[in-house]
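If you read the sequences in order, they're chains A and B. If you count by the working numbering, then the first sequence holds residues 22 to 877, one letter each, in order. If you count by the working numbering, then the second sequence holds residues 142 to 264, one letter each, in order.
Quick caveat, the hints were computed from the structure, so don't treat them as lab data. Fair warning: this is a prediction, and the values are worked out from it, not measured in the lab. We treat Cβ as the ideally placed atom computed from N, Cα and C, and that holds for glycine. The reader is advised that the hints may include incorrect statements.
Stated by the list, open to error - The calculated lysine-lysine pairs, modelled on DSSO-like cross-linking and capped at a C-alpha distance of 30 Å, are:
{"id": "1", "chain 1": "A", "residue 1": "Lys608", "chain 2": "B", "residue 2": "Lys161"}
{"id": "2", "chain 1": "A", "residue 1": "Lys68", "chain 2": "B", "residue 2": "Lys185"}
{"id": "3", "chain 1": "A", "residue 1": "Lys367", "chain 2": "B", "residue 2": "Lys161"}
{"id": "4", "chain 1": "B", "residue 1": "Lys161", "chain 2": "A", "residue 2": "Lys81"}
{"id": "5", "chain 1": "A", "residue 1": "Lys53", "chain 2": "B", "residue 2": "Lys248"}
What the hints assert, rightly or not - Pair ranges (Cβ atoms, derived):
{"id": "6", "chain 1": "B", "residue 1": "Glu216", "chain 2": "A", "residue 2": "Gly566", "range": "57 to 65 Å"}
{"id": "7", "chain 1": "B", "residue 1": "Glu216", "chain 2": "A", "residue 2": "Asp64", "range": "31 to 39 Å"}
{"id": "8", "chain 1": "A", "residue 1": "Arg121", "chain 2": "B", "residue 2": "Lys197", "range": "21 to 29 Å"}
{"id": "9", "chain 1": "B", "residue 1": "Lys197", "chain 2": "A", "residue 2": "Ala89", "range": "42 to 50 Å"}
Stated by the list, open to error - Calculated from the model, a selection of chain A residues having no Cβ within reach of chain B, i.e. all distances over 10 Å:
{"id": "10", "residue": "Asp72"}
{"id": "11", "residue": "Ser107"}
{"id": "12", "residue": "Asp195"}
{"id": "13", "residue": "Asp575"}
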Amino acid sequence: MIKVIEDLKSLFGHKRGLPFNVLFERFKDVLKNNTRALEIITDMGEKLSGDYLFDINYIKGAYSELTAAVKDSLQGFDMLTQNSYSQLHETFNRIDGQIRGALNGRIQSTDEMVIFYENIPWDKYPVVGGKNANLSELKNYLKLNVPEAFSVTTHAFDEFIKHNNLQESINAIDVNTAESKLKELQDSIINSEILPDLEIAIGKALEEIRKRCGGDCFLAVRSSAEEEDREFSFAGQFETVLNVPLEGGAVEEAYKKVIASLFSEKAVIYMKQLGYDISNFKMAVGCMVMVDAVSSGIIYSTNPHRDDAMIINATWGLGRSIVEGEVDADFYAVRKVLTPEIIDEKTGRKESMIINQKDGGTKKVKTPDAIRDKPCLSEEQVLELARLAMLTEKHFRGPQDIEWAIDKGGRISILQSRPLKVVETRDVIARSEATKQSLQSTEIASPPSRNDKVLMKDKGIAIQKGVAAGRVFILKQADELDRVPKAAVLVSKHDSSNFVKVMPYISAIVTDTGTPTSHMASLCREFRIPTIVNTGNATGILKHGQEITLYIDDDGKNVIYEGIIGELLEYADLTFRRMEDIYEFRKKRYILRYISPLNLVDPMMDSFTIEGCKTMHDILRFIHEKAVTELVEGARYGLKGRHPVKLDLPIPTGIVVIDIGGGLDIKPDKRNATYEEITSIPLRAIIKGMLHPGVWHSDPIPLKVGDFFTSMMRMDDIVSGSANFSSQHIAIASKEYLNMGLRFGYHFNLIDSYCSENQRNNHIYFRFAGGATDITKRSRRIQLIADILKEYGFSIKTKGDLIIARLANIGRDEMVNILDQLGRLIAYTRQMDALLHDDSAVKRYTENFLEENYKL
Amino acid sequence: MNQYRVMVIDDEKIVCDMAKMSLEQEGYIVETFLNAEPALARLKEGRFDVVVTDYKMKGIDGMDVLRTVKNLYPETDVIMITAFANLDTAIEALRGKVHDFFPKPVKIKELKTSIQRALSKKK
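The shape of chain A in the complex, shown without the other chains (with noise of 0.2 Å):
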């Protein structure tokens, strides 16, 4: 006891001197205007979900409440970590000023040269052109396989012109001007100087691309004028060159050729006869990292003959050579239906294929015999590709013309999708049919009743409306995430933010536990997922790969049918499509991609930066996570004038509590407590969990002799690490929050958790680190005590014998269940490592732990 108070004392005063009372209270601070903003988050979301009448009122006042509420949240996380993270607010001031540019209709000018993919906001197409800004989209809304790619930007473009003095020479052009004006044009464009600053630009762009993918690829460089696959797709008027070496000069040779394609004979009549404006027409270009191909290809989403169904051409190598119509290509008709099927297919004699040369550029050759008439695509991935485009054709809300690549590992990328526009004549005629035949029916918006079988009726909370159908995929733990097949429904224990990873491409969400204010709950209404939180026990009624149709009515009222009901389907989001075509709503609601959207997901990853955050949601997200950070090490500090009271428990735990407010029940001069009269509600669980019947084993476990050196050695190692290990055995609590160190033989956990009635709010970050045998058995340990983690829904992170594992954004009753098992696996693992000689111990352990059979 005395020992502790040493060591107690050896720690007043945090080293940047805040004590820990004010520290605690900055922090719920921080949690209290969080949730102000998350709140408001939602609301938005829902009111722009096409349910309501808004306007611009709602939408300015809303805000004005979101920015304040943010701001807020800023100025209590400032004080907190004593401003740690001040660039934090320039972030908030670049977010904040795109908003409330869009909100004024401006469109934002940049004065950047190049822009990555992942940086191009969605009202960026005035500068990086249409087909980058429709490939960007692809890869950051839906997160699909657009290959690492920047765009050269319209002001690069201004600037060049300029700077070369070529703007004259532009101006004089017009629809009459004789071919040989046009190429001296481009002979002067080609002999041009690239101006300095777009040199560096490019050069960094270039060193940037290099450390991603490596020294080794080679780049397409296209085309991507204004209005370029945008209202019309400008097919074939413009220049691309491909397989270009990574080198400055390489580059900009192929940027001069692009942008002096601008000027061809066919492209000046073709802009005229549209009506552009020649002389004001700006070229943006895309530098893309060539697919080594394996086989490549052509999509039409819809067949211009037939609405149901999408064309697939597929040949060997690039597929330029199906663009130029010089190969007798492979023919797929895929039905669009959920599960998309091939109704027809011809597999054409492919003489000749267009290969990427070693050293840079293209040469075309011929068809090896032995594949020349194979087909060169399996039916998985005509089925794939077909989905992939199923999915951009209802993301951009019209049939797409797709260029895609597979390479040798056979994954599939995305090199362009542009409007089909043979097609949309047809299509408004279709939908205009559809909106009369609508019109003569009031009871669009409830579906036919139905004898399907039911396999579940109004359980749980419904999140967002709609109708959805799709093989049920359980998740049993969270890096199965990335194995989740497109249009599944997605089937899981807990709620996750995670899961937005998937979300753009799942059709459904169904969970067991859950609540409506989670991040997962704004985030599906966000991306408008039909889902359900809360139902119970979906995991145990869905089967793994089962067929299902979900519908969700405007109340809440929930059917969950076996089976795919294509009647059904068609009252999917009816009302929100229509919404959609609204021009007006579409740029309204575009406002919520700055705000709603979570990219900084798992607090484990890289990106968990503040360069990561582009949301508002983003930045409340980083605010949250770094607030635990600082309280769980500053937690140790500051504490003068607190008596420690010791735990009095069955087990000898050597627990003292220091209790900030509400942790414990007893008279104010008592010194130890006991299990009953702790009331703070994450300590109770712990060692609720602890005492558990079985779980501490009191018997020590017999070291090896190696492992007993080892243990001698680490010694020092130990003693003499950081503060965050030397208060071992300490409990801080308040009623909500708990941080306790503890120390069992060589190793060390560290706990801090909030579990409140605000999901939002709660929190648990578990430390585990050390051990007294040597490296390998303690990382089986750390191995063991991350598959048990997962399992539960941590987010983890191990190096060594260290292991982090977070978790947050859990109701507090499943919380108070998960700090239970934890405690449990605190007194499991104490000797653990010295059991687990081989790598069949730790599945073994693993399991009996789940089974709660926790014989050693």
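Start from chain A and add chain B according to the hints.
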């Protein structure tokens, strides 16, 4: 089928467009106006069953619309929506015999229900 006629007056295009789209879905004939003057002129030309009007508009405001409609076409119901809702405006509107009064943003479903209620009286 006798189709009911609904007029929507709001100085914001987005409100008119969204209201038109969703009310047409219910089978109503919908006409929208960005200000009240031409709307009142249109009322002279033909009967409307329900007028949905914004409260605060430049020129003739929603309260003027309410008074004029109730005065000249007592059979026509008026539903008022406003971003600036307070008790006084609500009381004033009720005295002017408004059928319903909603603060903005208004849930489209509630607006539809209110219109249906107004129309069911007429049957």
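How the hints compare with the structure:
1. At roughly 18 Å between alpha-carbon atoms, A/Lys608 and B/Lys161 fall within 30 Å of each other, so this suggested pair holds.
2. Only pairs whose Cα atoms come within 30 Å are accepted, and A/Lys68 paired with B/Lys185 is rejected, the gap being roughly 35 Å.
3. With a C-alpha separation of about 47 Å, the suggested pair A/Lys367 and B/Lys161 falls outside the 30 Å cut-off, and the hint is violated.
4. Of the supplied pair hints, the one linking B/Lys161 and A/Lys81 holds, its CA atoms being roughly 23 Å apart against a limit of 30 Å.
5. At most 30 Å may separate the alpha-carbon atoms for a hinted pair to count; A/Lys53 and B/Lys248 meet this at roughly 28 Å.
6. Taken as a hint, the range 57 to 65 Å holds for the pair B/Glu216 and A/Gly566, whose Cβ atoms sit roughly 60 Å apart.
7. About 38 Å separates the C-beta atoms of B/Glu216 and A/Asp64, a value consistent with the hinted range of 31 to 39 Å.
8. Distance hint check for A/Arg121 and B/Lys197: the Cβ-Cβ separation is about 23 Å, which falls inside the suggested range of 21 to 29 Å.
9. Checked against the given bound of 42 to 50 Å, the beta carbons of B/Lys197 and A/Ala89, roughly 24 Å apart, lie outside it.
10. Residue placement check: A/Asp72 does not keep its beta carbon more than 10 Å from all beta carbons of chain B (closest about 6 Å).
11. A cut-off of 10 Å between C-beta atoms confirms that A/Ser107 is not in contact with chain B; the least separation is 37 Å.
12. Consistency note on A/Asp195: stated as away from chain B, and its beta-carbon is indeed over 10 Å from all of that chain's, at 37 Å minimum.
13. The Cβ of A/Asp575 sits about 6 Å from the closest Cβ of chain B, inside the 10 Å cut-off, so the non-interface label is violated.
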